[in-house]
Every structure is written in structure tokens, then in C-alpha cells.
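Asker: So the chains spell out like this:
4 protein chains.
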Amino acid sequence: MTRVKDDNKIARIFAATLELVLKNGYLELRMADVAKQAHLAIGTLYIYFKDKEDLINQLFIHLKSEKVSLMMQTYSAHDSFYITFKKLWFAYFGLSMQYPHKMLFIEQYVYSVLLRDDTKSRSEALIEPLLSILENAQKEHLIKDYSPQIILRHIMGSVLEVVKYFHAQKTQPSQNVINQCFEMTWNGIRQ
Amino acid sequence: MTRVKDDNKIARIFAATLELVLKNGYLELRMADVAKQAHLAIGTLYIYFKDKEDLINQLFIHLKSEKVSLMMQTYSAHDSFYITFKKLWFAYFGLSMQYPHKMLFIEQYVYSVLLRDDTKSRSEALIEPLLSILENAQKEHLIKDYSPQIILRHIMGSVLEVVKYFHAQKTQPSQNVINQCFEMTWNGIRQ
Amino acid sequence: MTRVKDDNKIARIFAATLELVLKNGYLELRMADVAKQAHLAIGTLYIYFKDKEDLINQLFIHLKSEKVSLMMQTYSAHDSFYITFKKLWFAYFGLSMQYPHKMLFIEQYVYSVLLRDDTKSRSEALIEPLLSILENAQKEHLIKDYSPQIILRHIMGSVLEVVKYFHAQKTQPSQNVINQCFEMTWNGIRQ
Amino acid sequence: MTRVKDDNKIARIFAATLELVLKNGYLELRMADVAKQAHLAIGTLYIYFKDKEDLINQLFIHLKSEKVSLMMQTYSAHDSFYITFKKLWFAYFGLSMQYPHKMLFIEQYVYSVLLRDDTKSRSEALIEPLLSILENAQKEHLIKDYSPQIILRHIMGSVLEVVKYFHAQKTQPSQNVINQCFEMTWNGIRQ
DNA sequence: TATGAATGAGCGTTCATTCAT
DNA sequence: AATGAATGAACGCTCATTCAT
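Residue numbers (the numbering used here), protein chains in the order written: chain A, 1 to 191; chain B, 1 to 191; chain L, 1 to 191; chain V, 1 to 191.
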């Protein structure tokens, strides 16, 4: 019997790729460096991923689902919508501040030419739980009844831009500033 | 006498670069293609721009100042702050929808490693007029007294993400949706 | 397992480079031609040598140590200094006539801007054995007590220029002429 | 009547080319820089010299005849051969130390692929006066009756190599060392 | 003659991918 | 499946030369 494809190797490749993207950006990402960082031979990379594009697309989906999953871990059916929303927003903001490159990697490349159409579709599907939460709140007239997609973009755009700003400044926002950002967003969508 | 340097060439190079970078992304941008698209020899490109990085940086500043300049054309000292803000926001949204290529280029690369620090500084300086308007409104307690920089990022991030969404969907937002976006933003920052 | 690095390739690259640089000079040396001449892909060249400068520097050291090594093979501790010197001189002259390409390469580039400082230092170190022989002869008052470095340059300069002359003329010196050259040099340094 | 080719411009081009070669070596010599240094437009260069090779060849002849001419200025019919030889040797050594790049330019490129055959022939002709002096000394049995060409190469090779050595060391030889070099040479050729 | 903007062939080098082991 | 040496297409950029003025 021959050995089968090794999930552990895939995890190592993902980790290596992300670490390199986070350190130097996508432009500096070299397949040879990924292999080295993952303690694999270059050839081995090509057993697990068809080519560089494939690696990026798979990593993208991996990260995006991880992100949504982490956010959804804050979810509790007992919470009011306001509490749910607040937890999700702070989770999103926190994750984005903690791993700005990771978030920028995810968001910068969503609509980029690097992603295949099927990756984009799968990515869209991942945010369904978040859209559902907004839709339910709209049924209860807790937030404006605008298109949930639009509301979501409004929220995420705001967060990402602010995070990018602090990242560029190489400073951290105070808790006060973060609260202010939340207020702007909440006041923008509340009924 | 000899052939005189032709400023029109710079415009052609900018147009060609923008078109190519938006079509295929920076990764796919080839200097040879820029030259061909601008109907120039490759060498000519290097008369006007030191290298690829320089081209991107100069194009960035060019587009960003053009954007602010177009927005500020809507400004009138007679207007109330609300009217001023509304005009500016709709100008920004309109420009972003009209020239999504330009706006996405600007925002994709604002904080990217491709931009030199001096380009980033010059870029920051360009938005000063917009920050001033927000500061004056704060003195009159018309909007929240959060950091103007943060408010601005919140506003721009929201617009860009929405525009990206429609651009990716290849659809146009209705006037109604645009108004809704404005409402979310205005309600987020109003006092 | 994979294909193992092939030391023979380095020899082929050295041979190809030397042949090309001597035929057309450094200015006309193209990495692509070296690869072709050595029956390698261009990329392979860059596995073994960092860049063109590195190739030239390594080749230089290789040839210079080969030259000194061949000369020193004539050395025998039993010989008188005069015999030792004569053997070394004739070896140097003979090698230079036999491989004018190699010798001219070495001398053309010794002090050239193409060579890194560390290459120059390593090159200096290689001639230590020759300097030692001169120093010992000075202790026995067999040759003038001028700086050994200067004496060595005087000797080598003379040989090289004569060799260059015959190489340019595409003729060979008679044994008589070679003896005359030796006499000039020996009479110049003898005590 | 139109203006004719301007000898002054040729002098400026020669001076500019030499200065740049002396400063940075031939590898760094750019036609555009020559034009700038000579305060001319690039196009003008090509009115006076067919191409870069032509410029180098003409400059070479210019410098070599200047060198011989400067050496021959030390010549006086009243001097004994020894005095004549000594003056010439010291002139050659002095010129070489004073303008090492100039001398290396002349000597390095004599047999180089940069020079056309007719340039080489003309160059050979220029050293005729020096060969004559040696031949006359041989008739008087003052020096060995070896081939004057060989004697001349022996002398020049020695000087050039020593000069190269000091140039590389970035030091100046003491008067004592220079005298020693002369002694080696004189003792090598004297009868 | 003089100018210098424009040209484009051609170079050094990189790096995703292949393939012999 | 795993390896990593080998490959070569393709890029950014230079600079000698041309040519419209």
C-alpha cells in the first residue's frame, strides 16, 4: 500500500504560505520559500497543489471559513440581536487588528484576478450565516431594511479601512476609539 | 531644435497603466504592455518614469489628487455642512461608481508595499481639505467629535466596499440603494 | 532521491566562460552564451554561480590557483635557488605560452573593477609560496634585497608582455629567445 | 558657408572620454555621459565619431602618440645612451604612476578586441622611435643584442605590472623603490 | 551642423514548473 | 509519494544609435 496524501502536510503548507504572505506580502511569495518554510521539497508542493494559483485559492477558502468560524464562535442563541451584533463586530474588528495582513489578504484578494470564479462563489456562501443574522434582525425591525449584502459591505468596509489606517500608522487604536467605530456602525444601521 | 518632450505622453502612459493594472492586477502589469498600449517604445517609458515602481507611485498621486480635486469642485462656502457633506459623499460615491478602476486602484494600493513612504505622505496631505471640513463641523457640534481621520476612513471604507460589491456583480445600484448608503453613513457620524 | 549536483558542470562552465571571455572579451561575454557553450540551461548557471560577477571571480581564483599549483609542481627542496628559480620561471613562461588565454585572463582581470576585494585578497594569498622562495634567496644574498612583491611583479610583467606580443603576432618564440628573456630577468634580480 | 567639423569639439570629446574612463573604467563608459561631460548633445558625438568603437580607436591613437611624444621630449641628442634610457624609463614610469588608468587604458586595450587592426598597426608604428634608440645602443654594444621588440616588451611589462601593483595597493612607491625597479631593468638589458 | 527625444534589440536574472531518480 | 536539480520562458531595464526638428 502506498502512502496517501497527507493532511498534515497541507496544514504545514497553508501555515507556511500565510506566514510568508503576512511577512512580505503576496508579491514576495515564492513557491520555493513556501516549500522551505514548510520543510518540504518543492516537488512535494506540486503533489498537493496543482500550481501557485491553486494554492492561493485553497488557502483563501481556508482562511475565510476560519474567519467566519471564529466570528460565529461568539454567537449564542440566547443573546439579543444587539449583543450578538456587538460580539460579532468586535470579533471582526479584533481579528482584523490582530492579523491585519491575514484580513487584508482575505479582503484584498476577494475580487482580485487571483481568485477563480468557483472560489469566489464558495467565498460568498461562507458569509451566509452573517447575512441570516441580519435578515432576522430586519424581520424584528431592529435594523434598517436595506439589502443585507449592502449593510454587510458597509460594515466590513468601514472596519477594514480603519484597520488599514492603524496598520499603516503602526499604532494601535485605544479601546475608546474602537468603541467609537462601533457606535458609528451601529448608529448607521439601527432602526 | 529637437522633438520636445510631450506631456501628452505622460497622460497616455497613465491611462495605459491604469487600464492594464485594473484589468489584470499589478502582478500582470508588464512594462512592455504599457508601452505598447501607450503606443511608445519601451525605452520612452523610462524617459518619463525611473522604473516600474516610480510609474505606480506617480500614477497613484495623480489619481488621488484628481479624485480630491473633483470632489472639492462640489464645494461651496455658502452651503451648510450637511449640504457640503452630502455633495462630497455623493461626489465620492459617484466617482467611484463612474471610474471604479481608478478608485479601486487608489484604494488597493494605498497602504501597499508598492508605495514609497514619500508617496504615502503626499497622499495623506491631499486629503487635508476633507479633514478640515470635518473639523469645522465638529466645532459646531454637527458631527461626533471622533478623530476626523477615523471618521474619514469609516466613510471611505464603506463606499469602497459597496462599490467593489457592485463592480464584482457587474450591476449598478439604484438611486434608492445609494440613498440608503448615504443614510447609514450620515446616521453613523451625525451628532 | 533526485539528480545530484554535478561538479563536472562547474568545470564545463569554467571552460565555456574562459573560452568566450578570451575570444571576445568580458564586454562580449553573455551568460546565455556561456550556458549554451556548457550545454546547460541558463537557470542552471545561476544554481552554481550567484551572478555574472561571481562567475568571473570564482573562475579567476580557480585559474590562479591552478597556475601556482602547476608552477609549484616543479619545486624540489633539493634544488639550489638558481635551479628552483629557473624551473619556476620556465614553468611560468611555458604555461603562459601554452595557455595564453588563461594567463591573459588572469592578468587582464587581476586589478580590474570586476574583481571583488575578497577575490583580490585570496589571489594575493595564493602567491605566498613564490614570495617565500624569493625571501629565502634574499636571506642567502642570492638576489637583490628589494621588496619581494616588487621583484615578483617585475618578473611576471616581463613574461606576460612578451607572451602577449607573441600571441598577438600569432608566432612562437624560439628557445633562444626564451633563454634571452630568462637572462634579462635573472640578470635583473641576481645579486 | 556652413560650419565645418570643429577640432576643439574633438578635443573636448577626447578629454571627456578619457576622464570618464579614468574615473570609472571602460565598462562604465556611456556615450550619453561622454556627451554631457563634453557639453555636447549626444547626436553631435555621432557627427564626429562614427560609433563608440571609432571613438575608442581614435582616442587610443591620440593617447599613445601623446605618451610617446611626452617620453621623447626627454630626449636630447647630446645625452649618452644610458642617460637617454634612464630619462625615458623614468618618464615612462612617472607617466604610468601619474595616470595609471590612462596607461592601463592604453596597454590593456592594445591587443584587445576593441581595437581595429589598422589601429593596432598605427600603434605599432608609434613606438618606432623607441625601437630605433634601442637598435643604436645595440650597434654600440651597450645593451644585449636581443630583439628590440622583446626588450621593449620586457621593460614595459615590468613597469606596468609594478604600477598596477601600487595602484591596487593605493600607495605610492618611494623614490628608492623606483630606483630599484630601474636597476632591475637596466641590469637585465645592459651588456 | 547641432540637438536630444525616441527607439528597440538585447542583456542579466528570476522563479514557477518539470522530471529523473 | 517525495525529492531537488534542472529548465527556459519571460520580465525589467539599459544604452548605442537614429532621426525629426
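Keep in mind that the hints were calculated from the coordinates and are not lab data.
Wrong hints could be hidden among the right ones.
[Unchecked claim] Distance ranges between label pairs, derived from CB positions:
id, chain 1, residue 1, chain 2, residue 2, range
1, V, Leu27, A, Asp7, 37 to 47 Å
2, A, Asn187, L, Asp51, 58 to 68 Å
3, L, Asp51, A, Ala41, 47 to 57 Å
[Unchecked claim] Here are some chain A residues pointing at chain B (derived, C-beta under 7 Å):
id, residue
4, Gly25
5, Phe166
6, Gly188
All C-beta atoms in this analysis are idealised placements derived from N, C-alpha and C, irrespective of residue type, glycine included.
Asker: Hints first: check each against the structure and report whether it holds.
Answerer: Evaluation of the provided hints:
1. Leu27/V - Asp7/A: 37 to 47 Å: violated (55 Å)
2. Asn187/A - Asp51/L: 58 to 68 Å: holds (59 Å)
3. Asp51/L - Ala41/A: 47 to 57 Å: violated (25 Å)
4. Gly25: holds (5 Å)
5. Phe166: violated (9 Å)
6. Gly188: With Cβ-Cβ at 3 Å, under 7 Å, it holds.
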